[in-house]
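Dock chains B and C against chain A, hints included.
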Amino acid sequence: MSNTQSKKSPLYVTLLSDFGTEDGYVGAMKGVLLKGLPDLQVLDVSHSIKAFGIKQAAFSLMNYAFYFPPGTVHMVVVDPGVGTRREGLVVQSSEYFFIGPNNGVFSYIYQSTKYQAYRIREKQFGKKVSPTFHGRDIFAPAAVRLLKGDVVSDFCDPFQKLVSFYESYEDLGDDEYRLKVIHVDHFGNLILNFTMKDWESLGSPQDVRIQINHSFLVGIMKTFGDVPVDQLLMTWDSRGFLQIAQNCGNAAQSLSKKEGDHIQLKIFHLSHPKRTDI
Amino acid sequence: MSNTQSKKSPLYVTLLSDFGTEDGYVGAMKGVLLKGLPDLQVLDVSHSIKAFGIKQAAFSLMNYAFYFPPGTVHMVVVDPGVGTRREGLVVQSSEYFFIGPNNGVFSYIYQSTKYQAYRIREKQFGKKVSPTFHGRDIFAPAAVRLLKGDVVSDFCDPFQKLVSFYESYEDLGDDEYRLKVIHVDHFGNLILNFTMKDWESLGSPQDVRIQINHSFLVGIMKTFGDVPVDQLLMTWDSRGFLQIAQNCGNAAQSLSKKEGDHIQLKIFHLSHPKRTDI
Amino acid sequence: MSNTQSKKSPLYVTLLSDFGTEDGYVGAMKGVLLKGLPDLQVLDVSHSIKAFGIKQAAFSLMNYAFYFPPGTVHMVVVDPGVGTRREGLVVQSSEYFFIGPNNGVFSYIYQSTKYQAYRIREKQFGKKVSPTFHGRDIFAPAAVRLLKGDVVSDFCDPFQKLVSFYESYEDLGDDEYRLKVIHVDHFGNLILNFTMKDWESLGSPQDVRIQINHSFLVGIMKTFGDVPVDQLLMTWDSRGFLQIAQNCGNAAQSLSKKEGDHIQLKIFHLSHPKRTDI
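Protein chains in written order, with this note's numbering: chain A, 1 to 278; chain B, 1 to 278; chain C, 1 to 278.
This is chain A alone, in the form it adopts within the complex (with noise of 0.2 Å):
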């Protein structure tokens, strides 16, 4: 930029980690970030995440990721090899950076967009990196490097062995599905690996049923409070994912279902001829 007094663009890095606040952990990064750039607005996402929850925290992502202005960079820290031969990462997809180990937390954005991934190169962040903790010491230095406009070969290298493990949906056959509950949210509900893409590919079947011990849950509602008070319903969570709700309740608790649970479902085609439940 030639004019020195020109505006600038706001710089954004968000942190989503298992790391809790209370012990300063969350501090020291916010810190060190903005000792490296004084103008950075730093986004608390969460540090709610559960110890060593990838899953969780990969699942977050993908939530909000998307949203953020173009150049932000995103680091997760949910790392519980960090300081063994797990790699650095840094991904870059043609709007965002996205920093943090190489354990899964970036599956759900290697799906969702193009991207070129890259190892970063520990020894360069120099001798006083502790073992316990790149989120401080390497993480966040990476975000202001790049930030900063350093270009990634400056301290990464092309990277391929990406770690990631998303599992789409079984057919059963007979127009049966057996679904993964990927996610339970903060209010219980169950989100399963089964998309509005994917149901309008069975042509988007009104008739869809799901079997919940001896009762079915029956058509996919528009909103919570389209059943009555503390009835169960299938929604559209709002990014696109089939979720089991409870309206003003929480789903998992009612039915004891966790993270990787199944549920099977069964699509009856309208036009098909009616057959009998069980």
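There's no promise every hint is true.
Repeated chains share a single entry, so a pair holds when one copy, or any two copies, can fit it.
[Claimed, not checked] Derived lysine to any residue pairs resembling SDA-like cross-links, with alpha carbons at most 25 Å apart: (1) K114 to A51; (2) K222 to G81; (3) K35 to S112; (4) K258 to V129.
If you're looking for bench data, these hints aren't it; they were derived computationally from the structure. For clarity, every value in this text was computed on a predicted model and none was experimentally measured.
Using the frame of chain A, we list chains B and C on its own:
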């Protein structure tokens, strides 16, 4: 503003929700706000309101809203009826905008200041609005529009049928009053619907008693440390509501009291002959 | 600054409290800070310090304070004695201001840097000060005054009687040391009052053992992943304190240890003839 070099006033949006942070829903709202207004400061108030905790949110909002710089937009997203026919509101006071659902979250605001209320025309926010996430798809974009200078009538209609729930204390006669616990705070302080103004209107009586089980709390203390550690006391909270607290303890737990419970207050006017306690 | 066009350095206040966020008390402090200094960046460190957790706050503060840009004001509002005769302090080091109560929250700061301490003249903050909320009515306004350029002596007096609580480990003789758990972090790591410097002053012994019930932890590992999942280990924390951790687990829970508990450390110097363990 004619002079493009002139310093713009900073813009602020505060966020209060029951979302927790760990799913990235709050992150998505922050992204939408910053994409719309790159120079905005987004201030977290809380995302730990209990799920569907409308009354807790309403009380909390009153505790901070009026301390912010004029022009601040206060977003409140505690919204169990999202996507149903409950209205989305913009409430405008002389200094602030409030955005959120018409479910009572603004009850204390209506009592505290003059205001104009408007209903958001949801359809104006496009077809991509998720029926389960108006915080991201309607309230945040509405905040952006207001801060960019759109007038309220551009996307809102005047509206009167406001949901509100404040309940005054009951005068039982004979200097006895039935108070309600309207809020239990983080420290377990029991905040009652009886204010310093109410007390002054009763002649600022010094001899005020609350019966707790078989004993009494007598007199309104200045602060927690005016009684020994672990002892219960009455004091004014930081906004002028009467509260029952426990020095270095948790009154709500010690007394097994919760929001909505009642407590009896008795006033002994100094001019009265002293009565005998039971 | 003579040139009004000149770029002002950004100003920062960090917040650490035991308030939780859900009552809006933290929001009120943010409002006061921004109303006083519209361009300020307010950085949350944590509001999840356990209620009245002075020692937790003190340890946390040390973990982040010195990473921030010079000029940052660090506010610490963990203040069970609010409104009593405990003093409100401004502590000034060469790079930072610290504001909070005189109850030990600055114990590690006093050890880590040179400083001048001052007592805030509370009466100068007006009659409207709530005796239960100095964070909003005294500490935040004090931060604003300092960042606006007021000199400390404008509203403070020099003060010496500082409350502090750091306790060194005990040398039991015969190469045995009694250490104390000074902090339990979010992951359940048990942090001990024994630093890398202490260890170096003992000759950096490689054969270091801690007795845990009937078995031993031997040697100081580089990082968590140097032992199998679920196994306990000793390692240095990110600030150079010895800690007991569990790879992908929670050492505090596994060992039923908490802040204030003691642990015995034994050193076997390599030059010594090997002794027999019990």
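**Request:** Please flag the earlier hints that this structure goes against, numbers listed from lowest up.
**Result:** Going through the list in order, the structure violates hints 1 and 4 and respects the others.
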